[in-house]
Amino acid sequence: MAAQTKPVLYLAAVLLLAACNSTSVNLRTGEIPNATNCRPTSAIADEIAGSQMACHQGIAGDGVQVLISNANRRASVRSDKAEREMTSIFIRPASAIGEAGPVRFDAFYSQGLFDLRGKTGCVGVLEDGTAEIKKSANTTTLHYKLQFRLVSPLGWPEDCKEPHRIAGAVEL
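Take 1424 as the starting number for the sequence shown in our numbering and just add one per residue.
There's no promise every hint is true.
[To be verified] Computed Cβ-Cβ distance ranges for the label pairs, DEER-style:
hint : residue 1 : residue 2 : range
1    : S1447     : S1559     : 20 to 28 Å
2    : N1495     : T1459     : 31 to 39 Å
3    : K1568     : T1452     : 19 to 27 Å
4    : G1524     : G1484     : 18 to 26 Å
5    : R1588     : P1525     : 17 to 25 Å
Everything labelled a hint here was simulated from the structure, so no lab data went into it. Ideal placement from N, C-alpha and C gives every residue a C-beta, glycine not left out.
Make a model of the complete structure from these sequences and hints.
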């Protein structure tokens, strides 16, 4: 390998590793939303953010939580260039995933780094949506189509002014 090629390959490897994307799906059985902590008691933005983060942390009950998490780390020397998105779909009762068809659900959404002091991001309040179980011979799949009204925990309405729509399917 030529001496000039090595630095180029090292630089390419570093850039490739610095721009990481990941998506994970976690399935938690016996979980329902925490109704006490999941609804803000005031219009104060940081209380809204705190209550929405509590929504991603279910409590014991007859349900199934599907937690979809996306992270995107762009090459940057600044730590606030990480982007993340989290959607929690709580299906009730848990037995609903055993049969094909529409299911009763609650859903919660958050994006950005709003839970770190001074960072920006949005939390989502479900406005509309559907969730349906589809079954084949070997798989059970949750198909969802959701629309959230976004709120800025820092009170910056320009950051979160448009509704956010999510649609997809995850294998359970």
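We went through each hint and held it up to the structure:
1. S1447 to S1559: 20 to 28 Å: 23 Å, holds
2. N1495 to T1459: 31 to 39 Å: 33 Å, holds
3. K1568 to T1452: 19 to 27 Å: This hint holds: roughly 23 Å between Cβ atoms.
4. G1524 to G1484: 18 to 26 Å: Given about 21 Å between the Cβ atoms, the range holds.
5. R1588 to P1525: 17 to 25 Å: 18 Å, holds
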